[in-house]
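Keeping the supplied structure of chain A fixed, place chain B upon it in accordance with the hints.
Protein sequences appear in the order of chains A and B. Be aware that the first sequence starts at 1, since it is given in the UniProt record's numbering, and climbs by one per residue. Be aware that the second sequence starts at 1, since it is given in the UniProt record's numbering, and climbs by one per residue.
Check the hints yourself; a few may be wrong.
Pairs involving identical chains hold if they fit within one copy or between any two copies, as the list cannot separate such chains.
To be verified - Listed next, the in silico BS3-like pairs over lysine-lysine satisfying Cα-Cα at most 30 Å (straight line):
hint	residue 1	residue 2
1	LYS8	LYS78
2	LYS81	LYS100
3	LYS47	LYS100
Because the hints were derived from the structure by calculation, they are not lab data.
Number of protein chains: 2
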Amino acid sequence: MITVALPKGALLKDSIRLLQSVGLDFSAFLDSSNRQLQIQDSNNIAKALLVRAQDVPVYVEYGQAQLGIVGYDVLREKKPKVANLADLKFGSCRLSVAVKASSPYRSALELPAHGRVASKFVNCAREYFENLDLPVEIITLYGSVELGPITGMSEAIVDLVSTGRTLQENGLIEIETLFESTARLIAHPLSYRLNSGNFYQYIEQIRTAIMSPV
Amino acid sequence: MITVALPKGALLKDSIRLLQSVGLDFSAFLDSSNRQLQIQDSNNIAKALLVRAQDVPVYVEYGQAQLGIVGYDVLREKKPKVANLADLKFGSCRLSVAVKASSPYRSALELPAHGRVASKFVNCAREYFENLDLPVEIITLYGSVELGPITGMSEAIVDLVSTGRTLQENGLIEIETLFESTARLIAHPLSYRLNSGNFYQYIEQIRTAIMSPV
Chain A
1 MITVALPKGA LLKDSIRLLQ SVGLDFSAFL DSSNRQLQIQ DSNNIAKALL
51 VRAQDVPVYV EYGQAQLGIV GYDVLREKKP KVANLADLKF GSCRLSVAVK
101 ASSPYRSALE LPAHGRVASK FVNCAREYFE NLDLPVEIIT LYGSVELGPI
151 TGMSEAIVDL VSTGRTLQEN GLIEIETLFE STARLIAHPL SYRLNSGNFY
201 QYIEQIRTAI MSPV
Chain B
1 MITVALPKGA LLKDSIRLLQ SVGLDFSAFL DSSNRQLQIQ DSNNIAKALL
51 VRAQDVPVYV EYGQAQLGIV GYDVLREKKP KVANLADLKF GSCRLSVAVK
101 ASSPYRSALE LPAHGRVASK FVNCAREYFE NLDLPVEIIT LYGSVELGPI
151 TGMSEAIVDL VSTGRTLQEN GLIEIETLFE STARLIAHPL SYRLNSGNFY
201 QYIEQIRTAI MSPV
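Isolated chain A, as found in the complex (with noise of 0.2 Å):
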């Protein structure tokens, strides 16, 4: 039996709407009664695991969930070992750097140098600013990032942007955008290679379902 790992959060919807169109009903997550983290679909021929996003390629790579549903930022960020099996098309935002629309700066290179990022994405933001040369401290938060300008910690933040309504409510604007990102199906690349449970029927599925999107 074929496990796919969900994640909790803004994707969650789409990829249950996503499986049914492939026959596999995993719509009791969206139950918001529901406390399970872990259901068969009503035909028995699949389980999901409900996870936080960041935590779906950690099941995908261990072997746990065969197939999973997570956005590329989280690839990005945490570079897991899984295939990268198609782009779903939904959940689209961008990873971005903005600022206080009241600050000087138009471009990341006119940041300060030994200036502070303050992102939850702390692997993308190294890597953008060291390609720019420009030597800027890394804030980690777990957290409503925007509080960073806002309270002065930080010149720039670096966080995902969808609507840019979290952006402007809060007086800041959008500078760069380092990727654009999307949902995306991910596999253990062992299940994949070895076709265990019909997986390349429901990933063929997939396919065809996001080419002709309902």
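Chain B only, in chain A's frame:
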């Protein structure tokens, strides 16, 4: 003006009640419709930031908040450069090693060498098993750590336990305690030494309030 960093989640209510008892009212953060991350108390004598528990010591370390309230567990895991001023006596919990109740393990030393331990507290877990001289692989998870042993990804977990209900519901049992944790009052070391903004007065009032709980 003093700024206090307050943790979202389990410690928030008691933190706000404690500060109210010394004349600082941040109860607006408890309003479920509140979206603000920064507020002033009603007498305009102090400001508060509402941030993730793990971010509290960051704002205090960088001096954006002079005071903060955070669990001892976060201080042990992150080892921030902050002054640990007082044990606030609420938010009791413990960091424990837990395994499946059906497993043969009843102490940490019985765990298999080169086994796997899933945790959000990777530094605490690593240090603990190093002190036991037991080589294990630590798997970083961000949530629902109990899925580690349930899915068979790890033999054990290191996680916070308060009532023990989550463990029980998932068929897990505690076999060791790394340390007990409670909420702590922390301060920016320099602000503390300089006694800016009537610092000592608040700290003394908080210490007195803990001695004589309402």
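Evaluation of the provided hints:
In this assembly of identical chains, LYS8 and LYS78 lie within 30 Å of each other by CA distance both inside one copy and across copies; the values are 17 Å within and 26 Å between. Taking identical chains as interchangeable, the C-alpha atoms of LYS81 and LYS100 lie at most 30 Å apart only when they sit on different chains, with a minimum of 27 Å there against 37 Å within one chain. For a Cα distance limit of 30 Å, the shortest separation of LYS47 from LYS100 across copies, 20 Å, qualifies, whereas the shortest one inside one copy, 45 Å, does not.
Taken one by one, the earlier hints all hold for this structure without exception.
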